[in-house]
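Visitor: If you want the building blocks of each chain, they are given just below.
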Amino acid sequence: MTQRQQVLYLWMAGSSLDEKVVGWAFHDGTEGAGPQLPEPKRPGDGPYSNGLCALQDGWMLLQSAQLTSPAPGQEHLNAYLEYEFVFERRVDLS
Amino acid sequence: MATTAAGDHRLSTRQMAEFVANGFLRFDAIVPADINERAIDEIGQLNAERLLPDGMKPPHSRTPLDDCYPLPSVVGEYLRLPQIRGIIHSLVGADPVFDHDWVHHIPGGGSYVQPLHVDAATDSTDPTFDVQLFWYPSAVARGEGGTRFVPGSHLTRVRSSGLHRYQHIVGEQQVACDAGSVFVFHHGLWHAGQPNPGDNDRWLYKIRLNPTEPQVRLWDTTDFTDVQSPPTDHIFARMQPGSVAEIFRTWHPWMGITDYRNDQIQRALLWRYLTGDDDFDVDYYLTRLEGRADLVEGRA
Numbered sequence: 001m002t003q004r005q006q007v008l009y010l011w012m013a014g015s016s017l018d019e020k021v022v023g024w025a026f027h028d029g030t031e032g033a034g035p036q037l038p039e040p041k042r043p044g045d046g047p048y049s050n051g052l053c054a055l056q057d058g059w060m061l062l063q064s065a066q067l068t069s070p071a072p073g074q075e076h077l078n079a080y081l082e083y084e085f086v087f088e089r090r091v092d093l094s
Numbered sequence: 095m096a097t098t099a100a101g102d103h104r105l106s107t108r109q110m111a112e113f114v115a116n117g118f119l120r121f122d123a124i125v126p127a128d129i130n131e132r133a134i135d136e137i138g139q140l141n142a143e144r145l146l147p148d149g150m151k152p153p154h155s156r157t158p159l160d161d162c163y164p165l166p167s168v169v170g171e172y173l174r175l176p177q178i179r180g181i182i183h184s185l186v187g188a189d190p191v192f193d194h195d196w197v198h199h200i201p202g203g204g205s206y207v208q209p210l211h212v213d214a215a216t217d218s219t220d221p222t223f224d225v226q227l228f229w230y231p232s233a234v235a236r237g238e239g240g241t242r243f244v245p246g247s248h249l250t251r252v253r254s255s256g257l258h259r260y261q262h263i264v265g266e267q268q269v270a271c272d273a274g275s276v277f278v279f280h281h282g283l284w285h286a287g288q289p290n291p292g293d294n295d296r297w298l299y300k301i302r303l304n305p306t307e308p309q310v311r312l313w314d315t316t317d318f319t320d321v322q323s324p325p326t327d328h329i330f331a332r333m334q335p336g337s338v339a340e341i342f343r344t345w346h347p348w349m350g351i352t353d354y355r356n357d358q359i360q361r362a363l364l365w366r367y368l369t370g371d372d373d374f375d376v377d378y379y380l381t382r383l384e385g386r387a388d389l390v391e392g393r394a
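So the protein sequences, as listed, match chains A and B.
Take the first sequence: its letter number 18 is residue 18 in our numbering, and every next letter is one higher.
Take the second sequence: its letter number 226 is residue 320 in our numbering, and every next letter is one higher.
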């Protein structure tokens, strides 16, 4: 039995895991042999509407975004998608 | 005043506000078919020869636009179209200089994919900006190599490689267009080339231009007083329908509420630069902070 990891990044609209998904990335260590992401409900939507849905589909949360105060002078600047949640799924391959 | 080159094709105030809110403008089939049809040979030659010891070369950086690709040149014809010069004039003035250009050719079946990125290095914090014109001389079918881009991402402060991990963002678009369409990007807009699983080659000629004058009210301001909103225009108080502030309330789907409000502040700051109106605001965010001390001291 060989185990491989799948990693899912979800970026949320806010700091809570159950907020709306605004971005995603999927890295598949099984090279397609493991389960894939569900089809979005509408074109352009994410595979899950929020992080809780990902948990319910078997994803395990590895890391959530740390909350940091903006640096002085940077309070009103946007940069990267701020609320990043990283999940994993370990898949047994025969 | 409009230059002869731009004719009366400059942008309206509403279009400029849309550029500020979205980071891009789209002009479908704005380049005549005759120029599009002849363009492929020339930009193909530029693509093939620009890095060779001899052959067709782009202009040097800082070449005045008027001196780039002198006629006879199809690229030169494109860059001298009054409707193209009107767009350029509105955003970076009558006499911008050439930064660089590039031909992006994705043959039918091409699988190369760029990660999401911004061009060049992280930019300065001043509000001046360059524009990048993306000209697609042949039609781009949906999903067949059109540039992927993220509306509203242009006013963020990021490192280019930091965007690579974003495989998908809600609200992103992929160019699909008729031949001769031009997309004009603020230099900060996140974008990426995409694979072309179709049968047709995808051609793109991209040029970046730098302004050589303050980018203040360079467009056709005939509609300015009709759409400009006062600093008191506030979604939680009173609003003026059809105003610039209304355009600046565009909420891109990838934005959470803090992103949205921060971006409204950045749009307002950019609009202050573009209009010379240092009091401009939308939804009171700047005015509240800038005016609090005066209110407390009874000076307001």
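Just so you know, the hints here were simulated from the structure itself, not pulled from any lab data.
Keep in mind it's a predicted model, so treat the numbers as computed, not measured.
Please note that the accuracy of each hint is not assured.
As the list claims (entries may be wrong) - With the C-beta cut set under 10 Å, the calculated list includes, among others, these residues of chain A facing chain B:
| no. | residue |
| --- | --- |
| 1 | L17 |
| 2 | G46 |
| 3 | N50 |
| 4 | C53 |
| 5 | D57 |
| 6 | G58 |
| 7 | W59 |
As the list claims (entries may be wrong) - A partial selection of chain B residues facing chain A, derived with a Cβ cut-off under 10 Å:
| no. | residue |
| --- | --- |
| 8 | G204 |
| 9 | Y206 |
| 10 | S247 |
| 11 | W348 |
| 12 | G350 |
Stated by the list, open to error - The calculated label-pair distances, taken between Cβ atoms and stated as ranges, are:
| no. | chain 1 | residue 1 | chain 2 | residue 2 | range |
| --- | --- | --- | --- | --- | --- |
| 13 | B | P221 | A | L37 | 24 to 32 Å |
| 14 | A | M1 | B | P347 | 39 to 47 Å |
| 15 | B | R382 | A | L52 | 30 to 38 Å |
| 16 | A | R4 | B | T216 | 35 to 43 Å |
| 17 | B | P166 | A | K41 | 49 to 57 Å |
| 18 | A | P38 | B | D122 | 47 to 55 Å |
| 19 | A | R4 | B | G336 | 54 to 62 Å |
| 20 | B | D293 | A | S69 | 38 to 46 Å |
For every residue, glycine included, the Cβ atom is placed at its ideal position computed from N, Cα and C.
Visitor: Determine for every hint whether it applies to the structure shown.
Guide: Okay, the hints, checked on the actual structure:
1. Because the closest C-beta pair between A:L17 and chain B is about 14 Å apart, greater than 10 Å, the hint is violated.
2. Interface hint status for A:G46: upheld, as the beta-carbon distance to the closest one in chain B is roughly 6 Å, under 10 Å.
3. Given the 10 Å rule on beta carbons, the hint for A:N50 is violated: about 12 Å separates it from the nearest Cβ of chain B.
4. The interface hint given for A:C53 is broken, as the beta carbon of that residue sits about 15 Å from the closest beta carbon of chain B, more than 10 Å.
5. With its C-beta approaching chain B no nearer than about 17 Å, A:D57 sits outside the 10 Å limit, and its interface hint is violated.
6. A least Cβ separation of about 20 Å between A:G58 and chain B goes past the 10 Å threshold, and the interface hint is therefore violated.
7. Because the smallest distance between the Cβ of A:W59 and any Cβ of chain B comes to about 16 Å, over 10 Å, the interface hint for this residue is violated.
8. A least Cβ separation of about 22 Å between B:G204 and chain A goes past the 10 Å threshold, and the interface hint is therefore violated.
9. A hinted interface residue such as B:Y206 counts as satisfied when its beta carbon comes closer than 10 Å to some beta carbon of chain A; here the least separation is about 19 Å, so the hint is violated.
10. The beta carbon of B:S247 comes within 9 Å of a beta carbon in chain A, closer than 10 Å, and the hint placing it at the interface holds.
11. A cut of 10 Å between beta carbons decides the hint on B:W348: the least distance to chain A is about 4 Å, and the hint holds.
12. Residue-level restraint check for B:G350 holds (minimum Cβ-Cβ distance to chain A is 4 Å; threshold 10 Å).
13. Judged by the Cβ atoms, the range 24 to 32 Å given for B:P221 and A:L37 is violated: they are separated by roughly 40 Å.
14. The hinted window of 39 to 47 Å between A:M1 and B:P347 holds, with their beta carbons roughly 42 Å apart.
15. At roughly 35 Å, the beta carbons of B:R382 and A:L52 sit within the given window of 30 to 38 Å.
16. Range check, A:R4 to B:T216: about 36 Å between beta-carbon atoms, so the 35 to 43 Å window is met.
17. Take B:P166 and A:K41: their Cβ atoms lie about 53 Å apart, and the range 49 to 57 Å holds.
18. The hinted window of 47 to 55 Å between A:P38 and B:D122 is violated, with their beta carbons roughly 35 Å apart.
19. Checked against the hint of 54 to 62 Å, the pair A:R4 and B:G336 passes, with Cβ atoms roughly 56 Å apart.
20. Take B:D293 and A:S69: their Cβ atoms lie about 53 Å apart, and the range 38 to 46 Å is violated.
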